[in-house]
Amino acid sequence: MPDAMPKSTSARGQHVLAAVSGMVAVPAVLLPWGGVIEHSRALGLVIGALTLFVALIVMAFAVRYLRADPRGAAFGVTLGLLVGCVLTCVATGSLFVLAAAWVASGRLLARLIGHDTTWPEARAAARRARHAFAVGDSALVAGLLVLGLSTGSAAISPVLAQSATLAGPTGAAAALLLLIAAAARCALPPFAGWLASSMTAPTPVSALMHAGLVNAGGFLLIRFAPLFEAAPLARLAAIAAGLGAALYGLGVMCVRPDIKRSLAGSTVSQMGFMIMSCGLGAYGAALWHIVAHGLFKAWLFLGSGSAIGIGKTPAAPGLTHSIKGCAILVLAGALVLTWAGHMDGALVPLLLALATAMVTLNAGLGTQMPMRSRLAATAILIVLAATQAIGVWLTTVAVGHEGSMVLPGWALDGVLAAFLGGWVWQAQRRSLPRRIYVHLLNAGALACVGAGEPA
Amino acid sequence: MTDAAFADLVLHQLKKIEVIVRAEDQRMIEDLLHSAGMGGWTVIRDVAGYGHDGFHQGRTIFNDQTGLVMFVGVAEPGPIAEVARGLARFFKSRPGVTFLSDVAVMRSEYFAAARSAP
Amino acid sequence: MKARTEGANASAYAYVQPAPGRAEIAALVALAARRVAPLWPLQSAIAVNPLSGFEEMAFDQAVARAAAIFGARDSLSIETWRNLVRAQQIDIAALKKVAIARLGGLVPAFAPIGPDVSRLDLLMARLMDLPPPDQPATAGGADPGAALIAKWCAVFFDQGQAACAMPGRDLGLYRAVVALIGHDRDYRRLAGDVGQRVVHCVPRDPLDAIAEGVEALKIPSDEIEETLAALVARLPGWAGHIRWRSEYAEPSDSAGAPAGMADLLALWILLERAGIMAPPPALWPAACDPRQLAMHFGLGQSQCASQWGAIEAIATVRQSELAHMFMVAAEQGFRDTLIPALTAASRSGATQQAPDAQLVFCIDVRSEPFRRALEAQGAFETFGYAGFFGLPIARHRHDRGRRQRLLPVLLAPQHDIAETPVPGYDVDALVRSEALHQHTRGLLGTAKHGLGSAFATAEALGLVAGGIMAARTLAPRLMQRVMQAINPDIEQAMAPALDTHALHPDFPAFTLAEKIGYASLLFRMTGMSKQTARLVVLTGHGGAAVNNPYAAALDCGACGGHPGGFNARVMAAILNDPAVREGLADEGLSLPATTLFLAAEHNTTTDQVTVFDIDQVPLSHKGDLAALRTAFDRAGQANRTQRAIALGRDADDLITGSCHWGEVRPEWGLARNAAFVVGPRWLTRARDLGGRAFLHSYDWTTDPDGTTLAMILTAPMVVAQWINCQYLFSTIDNHRYGSGDKTTQNPVGRIGVVQGNGGDLRIGLPRQSLFSDDGSPYHIPQRLLTVVHAPFDRVEAVVTAHDILSRLFGNGWVQLVAIDSATGDARRWAADAECAPNPPACQENRP
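Protein chains in written order, with this note's numbering: chain G, 15 to 469; chain E, 19 to 136; chain H, 3 to 849.
The shape of chain G in the complex, shown without the other chains:
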């Protein structure tokens, strides 16, 4: 019997300690600069709490999961610093600190993607992430510079207070630059590649990345909402980029045969939806989406080891019909709202949620199952729907301001129709055109890397 008990529990404890000190140290050092946020404190609190919760779970998971990792210590330290940077980002009141923490978090994330430094593929993936972040970070720094210089302040609050008066091209340019920064971090196309090729990171890193780090883009948009309110062009761009990413990401998710890259496609899609919601002015819904999706995706990533076992899960019977019916019903409702002049950007995510609830309820009730099971299923659905409604309401209160209309009602109906129509098309199990199929399959493919493995 080997007497070796090589890496003791205490050694692992040290990694956790290092991580925690990183989480504490970064905000402690950076936050005194320029103080913390005064208003929209709740936003920072919500995202900070989410990040901390997921980081705690990931750390506890990793203590076991990365037990045999020769670079476990580096992992702990980097993870701690990264979380510290995110906390600083959401809590700081200074443009300068925000930029510094933002840039640093990108570098640290790239380092975690290239965690296995002996693996050429990991190095290539880290390089790609660094390149994408370099573009996004430059845009952020430029955007913040524009804001700082044009308002003459280095703190966020005065800048936001004056943003409504930042008329014309200056405001639009700043907002567009911030949108680019957000898109790079949220992995919206054309930046989607870095996320889709980041599977060289150990599973817990992916969980944290998809739950906490990619959300930074959404945070940025919500944080600078007053600026975007004054720059309709940037909001239109956000809607377009978000819608495109939502469709594209979902396509990637559907064609990928491996669980992790399929989840990455899903994240791209969800981030697109979230950015689109911001563009539509549904800031509260976007914040709830950030929280809920973060938890949801971390759960799926950590559980990715279960994706073994031949056999497709059978689709619930009659779903196609019910999707078609519900889609038409919801769209009709939206048209009525538009006609009555009550259609609003924030209603788009809500109406989609309504359609989902209707379809699932229908599928839950319309089966051969005994009454008791059906009642249970219905009760669960109602609880879930209620959670979501309460969540959205709470985050809306937390954000404190809803956006103004940027798209006319008929255009909102168009956006809604794009989702619902695509859904119906999907439910009919039409196969994708070949060219599009191959393009989606290749999302995030790393050029110049073959079937290499860690050396």
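Derived by calculation from the structure, the hints in this document are not laboratory data.
Note that the Cβ used here is the ideal one computed from N, Cα and C, for glycine as well.
Do not take every clue at face value.
Cross-link-like lysine-lysine pairs, in silico, DSBU-like; alpha carbons within 35 Å at most [claimed, not checked]:
#1 H:Lys450 <-> G:Lys338
#2 H:Lys532 <-> H:Lys624
#3 E:Lys110 <-> E:Lys34
#4 H:Lys624 <-> E:Lys110
Just a sample of chain H residues kept apart from chain E, beta carbon distances all over 12 Å, derived [what the hints assert, rightly or not]:
#5 Asp93
#6 Gly106
#7 Gly262
#8 Ala264
#9 Ala378
#10 Pro394
#11 His439
#12 Pro507
#13 Leu621
Not everything, but these chain E residues come out facing chain H in the computed CB check (under 8 Å) [as the list claims (entries may be wrong)]:
#14 Phe24
#15 Thr84
#16 Val101
#17 Leu105
Chains E and H: place on chain G using the hints.
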């Protein structure tokens, strides 16, 4: 088959191939027969015999992959020749024997090829 | 007639048809396919020898050749071996013995080279001290061609991961890919315009495409097989998956997506024709500089000059040979401690004591420590038998469409067994809850992928997901208890139905004669006497792991990578059948009427034992069972404590790990396996084998013609050899023959894993299953040592009568030691390589 005894029967002249290989190679021979366009064949498992490597027992009940199997196939000369060419390659590195012979059958359509080899 | 016909064909072929025909190509493809081992989906992971295609060669030649072909290492690095010696995992004295033998015996080994320096010193310095050149001399390049084909294989062979399947799968792998590859930017980048032209003009039938391709590429006729085999070896994972599909899978697994090795090879040929080249292979250094060796000992010019030949001879011993010497030392050290203990036991003979209960365990190495722990708890007699209990069955679960093959992969199922509710369980409620689960899962799966529902699904489930995540991470055992409370125990509630065939309900699954046959086989194979104890427990085994792609690798290999409880229940039901008892009595096996057979399952991760169908135990045996269950608990506790030391954790943490979703090493599995002992339990009972030995019970006195021995050696031992070789090769090169680090693995197609973003389907075992946390190998790579307790001549007769045995023993894949039952002497089977052209014979095992 010109015997008077067969005079009242309608017989068709075909070729027969018999192949005896190790049971672990059974699948390879099946691929080969398929590819040559054979429409069907018979497999006899657990063939015993005596040859170059001494006595061969039938298989033991715990391992289907030990022992010998025998294939018997009847077809037009074309596919049979194709099979034989394939077997010539096969026997360069794997043990086994094959026999070719002329046979007569009553229902020629029964031995039609699965698909015509190009 | 035969000769003339063949000759005529050959000459005609040489003259008019220069291109090989379809059948010829089919034969070449089939031969090339043997280059890789079949690869089972991880759902029912089966250990195979990744070098099974090389077993016709001697072991060291095979390893060297495979290393060149697969671009793999041929052994652990010298530094790793040295560390194993330093950690006393390998006896330095054994290494010295091997070195002396390498130098030709004691006299040449101790011949002086200089002052106080012998040839042995030089060789030992090379083994233990000189800095080894272990980095590859030239690094192997990335293989973009392989990455391209791997990507397409992953989408084609997907078994339900992607919501949107690859278009055109019904055309077969080759045609489906050819239809799409023109749009693939990776292909366009690698192959350019030539690639587009080639795609448009290649034949659409894989065999025709290969035939045309070998001609276009001007591959000489006698090199085609090797060329094709080299292409197969560039993607051992997907090629192995194809072998599994065509040789072992259920037809339903490949329905709608046909593919054979010809498809894969046709794709490779397409790439070759498009000009996508293979990367240069990695080259490993061979030897060291003689001057460096001389300097190490401070040998002067004069000594160097006079002894240069000797120094050079030792300096030029290849690195791979040095590494091989370490392995032989590990094997010899192990053999030299095990064999004397067994011969001593053999001479002292059996001690008879009427047992309270008898237990039949699987031969698995993990049974051995548990059996020892159980035997320490009371008068229990244990046996080792293949864990499927000789039953070639497939299980049709009431809730799944796909049958489970609960038997070794060497066999095809003969009996399809359905399930029936156990009286006393509310089966309707079970079925309802299962249906609800299925339905919820289906709904969630569909909702996650729907363009209209994906976003709301994530939002609605977020909080629930957060809660589950926290519970699974921070309180996994509580979570497990909650889940068990919600989901009733389906395993206990459904029992095998022996009286109805799963596919033909009008017929029984077994005839009476078959039942009697399997029942008597148990006694014949294990040497169990007819004087059975009041309780006989057939104990299958399975592992416990969650969220772990390799969970099935911890289950019973003899049950096709599934837990063995079901087989045990079938066997117990057969043996309790009064008609079977009568039939056995007619064969001379009249068992006591008081004997009750029970089925149980040993959880090898937690060392807990589940006994099945307890409610059916008659009152008369309740007391016996209670005593046995107490013994199970105590033995489990003891064994868990022992195993926890080896895992570097505390015993309680093993139970936590078995249900923790972040656990990458729930148990050590079959790591450190080293021996396969065929003989009665009393032979090994006195010795702690440390969980390193497969134990198959065998009594030579009940096997006069050697039939049983032949069955044991040609089936269970072959399976043990596959396991041994899988562990061995996965350890020596974890990237080529193993599946690498678990934490960066990415499950693909619901059948296996890739590393990171993609690439070949991974074969073998992950790093965490073989290496300790500090990176040193926990599994010592050494070849299986088979020990048989029987008369010498009978062993020899069995080995020579079976190709497979003379191949494995003769080529050095397995070592065989026979312990003569009469004298207690041990003899070792000499490999062909060691004793020249004479027929294989037994030789004395030198102590």
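Hints and how they fare:
The straight-line distance between the Cα atoms of Lys450 (chain H) and Lys338 (chain G) is roughly 17 Å, inside the 35 Å bound, and the hint therefore holds. Only pairs whose Cα atoms come within 35 Å are accepted, and Lys532 (chain H) paired with Lys624 (chain H) is accepted, the gap being roughly 22 Å. Proposed proximity of Lys110 (chain E) and Lys34 (chain E) is supported: the alpha carbons are some 22 Å apart, at most 35 Å. At most 35 Å may separate the alpha-carbon atoms for a hinted pair to count; Lys624 (chain H) and Lys110 (chain E) exceed this at roughly 64 Å.
Every C-beta of chain E lies more than 12 Å from that of Asp93 (chain H), the closest at about 36 Å, which supports listing it as non-interface. Taking the minimum C-beta to C-beta distance to chain E, about 34 Å, the non-interface status of Gly106 (chain H) holds against the 12 Å cut. The claim that Gly262 (chain H) is not at the interface with chain E is violated, since a C-beta of that chain comes within 12 Å of its own (minimum 7 Å). A cut-off of 12 Å between C-beta atoms contradicts the statement that Ala264 (chain H) is not in contact with chain E; the least separation is 8 Å.
For Ala378 (chain H), the requirement that its beta carbon stay farther than 12 Å from each beta carbon of chain E is met, with the minimum near 32 Å. With a least beta-carbon separation of about 8 Å from chain E, Pro394 (chain H) fails to lie farther than 12 Å from that chain, contradicting its non-interface assignment. No Cβ of chain E comes within 12 Å of the Cβ of His439 (chain H); the nearest lies about 37 Å off, and the non-interface call holds. Chain E leaves Pro507 (chain H) outside its interface by the beta-carbon criterion, the shortest separation being 27 Å against a cut-off of 12 Å.
With a closest Cβ-Cβ approach of about 38 Å to chain E, Leu621 (chain H) is found to remain outside the 12 Å limit, as its non-interface label requires. The criterion of a C-beta within 8 Å of any C-beta in chain H is not met by Phe24 (chain E), whose closest approach is roughly 21 Å, and the hint is violated. For Thr84 (chain E), the interface hint holds, since its Cβ comes within 8 Å of a Cβ in chain H; the closest pair sits about 5 Å apart. Interface hint status for Val101 (chain E): upheld, as the beta-carbon distance to the closest one in chain H is roughly 5 Å, under 8 Å.
Interface hint status for Leu105 (chain E): upheld, as the beta-carbon distance to the closest one in chain H is roughly 7 Å, under 8 Å.
The earlier numbered hints that this structure contradicts are 4, 7, 8, 10, 14.
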